[in-house]
Amino acid sequence: FFSLFSLQLLDLKIFVDTDSDIRLVRRLRRDISERGRDIEGVIKQYNKFVKPAFDQYIQPTMRLADIVVPRGSGNTVAIDLIVQHVHSQLEEVRAAPVF
Numbered sequence: 001f002f003s004l005f006s007l008q009l010l011d012l013k014i015f016v017d018t019d020s021d022i023r024l025v026r027r028l029r030r031d032i033s034e035r036g037r038d039i040e041g042v043i044k045q046y047n048k049f050v051k052p053a054f055d056q057y058i059q060p061t062m063r064l065a066d067i068v069v070p071r072g073s074g075n076t077v078a079i080d081l082i083v084q085h086v087h088s089q090l091e092e093v094r095a096a097p098v099f
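Here the sequence shown stands for residues 1 to 99, where the numbers follow UniProt numbering.
Because the hints were derived from the structure by calculation, they are not lab data.
Please note that the accuracy of each hint is not assured.
Said to hold, decoys possible - Result set (SDA-like, lysine to any residue): computed pairs, CA atoms no more than 20 Å apart in a straight line: (1) K51 / L24; (2) K13 / P97; (3) K51 / D21; (4) K13 / K44; (5) K13 / I58; (6) K44 / L64; (7) K51 / R27; (8) K13 / V93; (9) K44 / R27; (10) K51 / R30; (11) K51 / R29; (12) K13 / A95; (13) K48 / L28; (14) K44 / M62; (15) K13 / Q89; (16) K48 / D19.
Required output: the full structure, derived from the provided sequences and hints.
Written out as structure tokens, the structure is:
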């Protein structure tokens with residue numbers, strides 16, 4: 001679902017790696033509370049479609065990332081470092097002369 005051309009357009013590629021159990025729990029909570037689905041249906045869909053698609057399409061893209069953030073959004077140290085880096089890159093762009 002991506003092309004190598006589109007990857008070349010990116011200055012920074014970040015893969016946020018979250019534990020599979022956490023991903024499943026998030027999906028269960030969302031699908032049950034927001035979509036009115038039952039737990040059995042959510043688990044069946046997860047096992048039949050979501051997990052295999054993740055393994056085939058999403059997980060392999062981790063090797064293409066410049067930065068892999070383990071522990072997802074709970075890794076505030078990594079996120080803070082990325083934010084600092086992006087801010088510094090933006091400052092460099094703003095400070096560069098325009099011709």
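Outcome of the hint check:
no.: 1; hint: K51 / L24; verdict: holds (9 Å)
no.: 2; hint: K13 / P97; verdict: violated (26 Å)
no.: 3; hint: K51 / D21; verdict: holds (11 Å)
no.: 4; hint: K13 / K44; verdict: violated (32 Å)
no.: 5; hint: K13 / I58; verdict: holds (13 Å)
no.: 6; hint: K44 / L64; verdict: violated (30 Å)
no.: 7; hint: K51 / R27; verdict: holds (11 Å)
no.: 8; hint: K13 / V93; verdict: holds (18 Å)
no.: 9; hint: K44 / R27; verdict: holds (12 Å)
no.: 10; hint: K51 / R30; verdict: holds (16 Å)
no.: 11; hint: K51 / R29; verdict: holds (17 Å)
no.: 12; hint: K13 / A95; verdict: violated (23 Å)
no.: 13; hint: K48 / L28; verdict: holds (15 Å)
no.: 14; hint: K44 / M62; verdict: violated (26 Å)
no.: 15; hint: K13 / Q89; verdict: holds (14 Å)
no.: 16; hint: K48 / D19; verdict: holds (19 Å)
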